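Please work from the sequences and hints to get the whole structure.
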Amino acid sequence: MKLTVNNLSFSVSDLEIIKSISLKVNEGQFVGIIGPNGCGKSTLLKNIYKVTKPSSGMIFLDDLDIVKSSPKAIAKKMGVVGQFNNTNFDFTIRDMVMMGRTPHKKMLESDSKEDEDLVNCALRKVNLKQHELKHFSYLSGGEKQRVILARALAQEPQFLILDEPTNHLDIKYQIQILSLVQSLKIGTLAALHDLSLAAMYCEYLYVIKDGQVLTHGKPEEILTPALVKEVYEVDCQIYQNEYTKNLVIAYHPNIAI
Amino acid sequence: MVNNKRTFSSILLLLIGLLFISMIVSVSIGQVNISFFDSCKILLYKFTGLNIGNVDTVIPKMISDVIWQIRIPRILLVVIVGAGLALCGSVMQASIQNPLADPYILGISSGASLGATFSIILGHKLSSFLGEFDLIICAFLGAILATFLVLVLSSVGEKMSVIKLILAGTVVNALFTALSNLFVYFAKDAEGVRSVSFWTMGSLSSAEWKDIPLIAAIVIIIGVFFLSQWRIMNAMLMGDDAAMTLGINLNVYRKIYLVISAILTAVIVSTCGIIGFVGLVIPHIVRIFTGSNHRYLVPIVILVGAIFLIWTDLLARTVISNSELPIGIVTSLFGAPVFMHMLIKKKYGFGGN
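Each protein sequence line maps, in turn, to chains F and L.
For the first sequence, this note's numbering gives the first residue as 7, with consecutive numbering after it.
For the second sequence, this note's numbering gives the first residue as 153, with consecutive numbering after it.
Hints in this document: simulated from the structure, not taken from any laboratory.
Predicted model only: the values in this text are computed from it and were never measured.
Errors might be hidden in some of the hints.
As the list claims (entries may be wrong) - Using 30 Å as the maximum straight-line C-alpha spacing, the simulated DSBU-like pairs for lysine-lysine come out as follows:
| no. | chain 1 | residue 1 | chain 2 | residue 2 |
| --- | --- | --- | --- | --- |
| 1 | F | Lys82 | L | Lys407 |
| 2 | F | Lys59 | L | Lys407 |
| 3 | L | Lys311 | F | Lys83 |
| 4 | L | Lys311 | L | Lys193 |
Dropping the structure here:
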């Protein structure tokens, strides 16, 4: 599905956090959002997945008006992998992933064969099928994040939102999660911290600073030392490496402390 | 941990069997002991009209009256109250996303106490021109007033948050307890003060057939409602943001659940006073075996709550001959060591990590 955001603004008591942002994710496209801490990336995504309500502007998933539709209608189409995966209560991995079926179920409907199959499939995709009866709260950060991704996959989403999905993960799981999402070939909007990973996986990037889109375009076109200096206030060199042919960003340690 | 339907069904059947056996045992034991089989006969005869010999001649009428008029209504009330309190406890723990919640956390008990105190101490003085002040109605109104205050306080300003709810509950609790104490302090009659303090310890001895249908209907309707809500209650434990991404707006459901379980708790408290620990401990004990999945947790909590209260009530009735301990004392005497044991063993994390 295609995501269209038009002139989205969001304020909390007089403070404008998002200032008229417009962006677009086409069918099957992997789009990244980068920007420094506190630039409004997460807030922007929260507006899109309905946790907060925009002050003004429009958000559409194909023809579905996200602001006006019910959370259930949106959850049938859109999966979210965020950083909110701490719970005070204990569930097995399988129970957690089964929760992904929630938006598709009526009140008294029990889990069907189809639901079980979808959950199995999601668990296999993240390599957790053999651990499905383990307790979620005992897992490492990387495993937890894979469970949350499996839960989002069990939702059968046609669009995915990733809110810094690879925070706290070691490099193997960072690559695993992003490669898995990329292989789904569904529209994806991801807030990412690591510029090299963003360059590697995203077809298109939006750079956000102070709640506004600073620039946007293909990673190799917009990622320049000048941009990194402007956004992050860090000197760097950017070049294509021989090994993977991807962009590498080498940061200079000189910074005003 | 219960994680498949077959284990779940067998546990459920086992508990239902245990519930019936507990009820019959409890019916048989008391100041007049009646044999287990005589109790079965009387029950069979009274409930089905089945002709199993002439019961009235085989068993003295006095005995069948003790069972039918005194013990059965009491056991039914015990079952209803135990199931209801345990259910409300698990609903509150999910709604507030806090393992420490119990049915009284929103100030319901102090509200009911205030109503009861008002009725006991001032009731007969005002009854001449305001009509009879019924204790149950006063306690119920007090409980509802406290809940209403808590909900209003916690929804003022920005959206309702769990922390605001708990704080509002604590504040209302303090206020209503102070008011009750004020009544007691200025009360002149010692008998009334004694009644108030007995009331707060809980009692099931007033059970009568005429009270059963209404409270049973309320518990059953609300019980069925919450049995159907397991998906939403599971999502609740994921927190507001994650629940939203699963299509559930927790702010709406939390309010609905709090109001419904407050009504149920208010009905229970006004009928039998404050019975502590059941609503807090039973959901935790059951969670050790079932995990947090409400699909399995809720039905088992309801049954275990009922069974637990049958046995504590039996203990309360029989531990001192010719007398009866208030049930609230027994549940806490029982519940506290169990809770301590769980704390020491540490195998169970109480939801925390």
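Legend entry - Proposed proximity, Lys407(L) with Lys82(F) (alpha carbon, max 30 Å): holds, 24 Å
Legend entry - Straight-line alpha-carbon gap Lys311(L) to Lys193(L), limit 30 Å: It is violated: about 58 Å lies between the C-alpha atoms, which goes past 30 Å.
Inset, instruction - Would you mind confirming whether the straight-line C-alpha gap from Lys311(L) to Lys83(F) stays at or under 30 Å? - result: Holds, because 27 Å separates the two Cα atoms, which is no more than 30 Å.
Legend entry - Distance restraint between Lys59(F) and Lys407(L), which requires alpha-carbon spacing of 30 Å or less: Holds, at about 20 Å.
Hint check: a violation occurs at hint 4 only; the rest are consistent with the structure.
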